[in-house]
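**Student:** One letter stands for each residue in the lines below.
Protein chains: 2
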Amino acid sequence: MAKPRFEVTTLGTGAALPARGRYPTAQLVHANGGLYLLDCGEGTQERLRNAGTNFMRIGHVFISHLHGDHYLGLMGLISSMHLMGRTAKLHVHGPPDLQPIIDIQLRASQTYLRYPLEFHPIHPTNGAPAWSDERVRVTVLVMRHRLPCTGFLFEEQPAPRPLRKDMAPLIPHFKRSAVKAGEDLLFPDGRIIANAELTHEPPKPRRYAFCSDTAPVPELLEMIAGVDLLYHEATFTEQLARRAKETMHSTAAQAASLALQADVGHLLLGHFSSRYKDAEELLAEARAIFSRTSASEDGATYPVIERTIV
Amino acid sequence: MAKPRFEVTTLGTGAALPARGRYPTAQLVHANGGLYLLDCGEGTQERLRNAGTNFMRIGHVFISHLHGDHYLGLMGLISSMHLMGRTAKLHVHGPPDLQPIIDIQLRASQTYLRYPLEFHPIHPTNGAPAWSDERVRVTVLVMRHRLPCTGFLFEEQPAPRPLRKDMAPLIPHFKRSAVKAGEDLLFPDGRIIANAELTHEPPKPRRYAFCSDTAPVPELLEMIAGVDLLYHEATFTEQLARRAKETMHSTAAQAASLALQADVGHLLLGHFSSRYKDAEELLAEARAIFSRTSASEDGATYPVIERTIV
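In the order they appear, the protein sequences are chains A and B. The opening position of the first sequence corresponds to residue 31 in my numbering, with each subsequent residue numbered one higher. The opening position of the second sequence corresponds to residue 31 in my numbering, with each subsequent residue numbered one higher.
Be aware that a few hints might be false.
It does not matter which identical chain is meant; a pair holds if it fits inside one copy or across any two.
[Said to hold, decoys possible] SDA-like, lysine to any residue: derived pairs with alpha carbons at most 20 Å apart: (1) Lys275 x Gln140; (2) Lys275 x Thr141; (3) Lys307 x Asn80; (4) Lys307 x Met114; (5) Lys307 x Arg79; (6) Lys210 x Glu227; (7) Lys119 x Pro151; (8) Lys119 x Phe85; (9) Lys205 x Ile93; (10) Lys234 x Glu310; (11) Lys195 x Lys210; (12) Lys205 x Glu231; (13) Lys275 x Ala245; (14) Lys275 x His175.
Treat the hints as calculated values from the structure; they're not laboratory data. On a predicted model such as this, the values are computed, not experimentally measured, just so you know.
Construct the entire structure; sequences and hints are all you get.
**Tutor:** Put into structure tokens, the structure is as follows:
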């Protein structure tokens, strides 16, 4: 059975100061038909349009923190959804201070949204649940930055347990979803067949961790251990380690060390300082430590592939 | 003598809902070395970068009103100027409600600007002075829109009166700037030579009027009569005159009628609804009424040429 779609499109790979052709942070997570936007720098709605995304299908926006390069595109997106006749609710998750920023601007423009906008303040506690629906569970990761900042861990909801072919005929149809959900089978005569005898292990839910902007956070190791895909900011190379420390960002080497210790499936770098014309140097620095690394490109899509234990 | 540079670059020609390849409103007025930004829709800083503009040289930003497509790029621009180390003052002119919107966002991002930002609330009164410096005088034009909205009239400061060659030798050097400024010449013995005998008429100061967003405003005629270049929004064609009325925008024909009545030098259309793939239809409609019309293009520059009386 084909796995449900689970992938990440990096709409922008730049840092605070935009560089030509590199846009500020925004990522689109596509999880089994659901669209989740992570951060929304200036111009994100244009990037979405260029990527051919019907952004009326975006149900949730998660904002990591209130530096402009991570949220200044939000009002434009909210406004365009309104003008395009959206009626479905939009969930916006972000730091509590984001809500008055949205409100004051809707008021100033006398915009009365035609769709409900539900704001969810994020509580910056590691492992706090941020959202859960039929597709994904989203958990808070606490970043270490100049402003309160959180990353997000996206985990697929567990797939139904596949029935064993030899046992399937024994299971009455009206019991099947319960068994696929993990229940044992009870017969009227008192017999019990344990679920383990009826089903196979389903594929492990895939996980994607988004970590931006942040100095290295060793405390995250437990939360992101073994994730299939880790996005971690890599604003500088080691040559600028001091600058990284001052500005509470990470070097490519630091991102790679974390990926190595957490034993992740794949590492994706981003949030490149405008001083780097391309990401070659950052990528090389990271790969020397953790080979399964890519440098994110503006507009490119990365599948979240189940981590293979080698 | 070559005239000082006076021209307008239309960085965006779109309306509220961005269309592919058409950006929201922003114009750069270049007046004799001074740069003035009119409106600042989302992504304006990128447009400025693409136009090769050193936007540290922008001294003033004028915001017409608080619909997002006219101001959502302002915070990103303010922030980039800060990150690039600007120290020169930036003047921001706009509706009074803009100030708290800037403040709340600077506070949320804990940004302490390295340069002074002076906010000038605009009083929506026709003819009210908005700004004056050695290059230009800027005057308020009251638009008619769903929100309080003002346009701006840019007028060059009068050029010095050129000295008549035959009279120049009579004028002591230390009196020359006074004479060029229009004063008569007084000699110690009581003789007076009237300025008109000493100087020629200088070229008439050129004028540029920016009118967006607005329903037609006949009351403007007096203010914009004979301007060298009139930018007027033309969101719709006459076929959608009713929609224009409801949304308090103008049709191309209405813009052209105003240009004809005001007898302007040239008319520049913009703020095209995303329903028009290109501006051909809008341009044709306007030209049928007022032939000296252009449809603004994203990133194109239009000189403010002294109106020739034909």
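**Student:** Run every hint past the structure and note whether it holds.
**Tutor:** Hint check:
1. Proximity of lysine 275 and glutamine 140 under a CA criterion of 20 Å is satisfied inter-copy only: 18 Å between copies versus 42 Å inside one chain copy.
2. Proximity of lysine 275 to threonine 141 under the C-alpha cut-off of 20 Å is restricted to the inter-copy arrangement: shortest distance 18 Å between copies versus 42 Å within a copy.
3. In the homo-oligomer, the alpha carbons of lysine 307 and asparagine 80 lie at most 20 Å apart only across protomers (16 Å), although the nearest pairing inside one protomer, at 22 Å, exceeds that limit.
4. For a Cα distance limit of 20 Å, the shortest separation of lysine 307 from methionine 114 across copies, 17 Å, qualifies, whereas the shortest one inside one copy, 37 Å, does not.
5. In this homomeric assembly, lysine 307 and arginine 79 come within 20 Å of each other (Cα to Cα) only across copies, at 16 Å, whereas the closest approach inside a single copy is 25 Å.
6. Proximity of lysine 210 to glutamate 227 under the C-alpha cut-off of 20 Å is restricted to the intra-copy arrangement: shortest distance 12 Å within a copy versus 102 Å between copies.
7. Proximity of lysine 119 and proline 151 under a CA criterion of 20 Å is satisfied intra-copy only: 16 Å inside one chain copy versus 36 Å between copies.
8. For a Cα distance limit of 20 Å, the shortest separation of lysine 119 from phenylalanine 85 inside one copy, 13 Å, qualifies, whereas the shortest one across copies, 39 Å, does not.
9. In this assembly of identical chains, the alpha carbons of lysine 205 and isoleucine 93 never lie at most 20 Å apart, being 41 Å within a copy and 64 Å across copies at closest.
10. Taking the shortest Cα distances, lysine 234 and glutamate 310 never come within 20 Å of each other, neither inside one copy (33 Å) nor across copies (56 Å).
11. Within a single copy, lysine 195 and lysine 210 get their C-alpha atoms as close as 13 Å, which meets the 20 Å cut-off; across copies the closest is 101 Å, which misses it.
12. Proximity of lysine 205 to glutamate 231 under the C-alpha cut-off of 20 Å is restricted to the intra-copy arrangement: shortest distance 18 Å within a copy versus 98 Å between copies.
13. In this assembly of identical chains, lysine 275 and alanine 245 lie within 20 Å of each other by CA distance solely inside one copy; the values are 7 Å within and 54 Å between copies.
14. For a Cα distance limit of 20 Å, the shortest separation of lysine 275 from histidine 175 inside one copy, 10 Å, qualifies, whereas the shortest one across copies, 49 Å, does not.
The structure does not agree with the numbered hints 9 and 10 stated previously, though it agrees with the rest.
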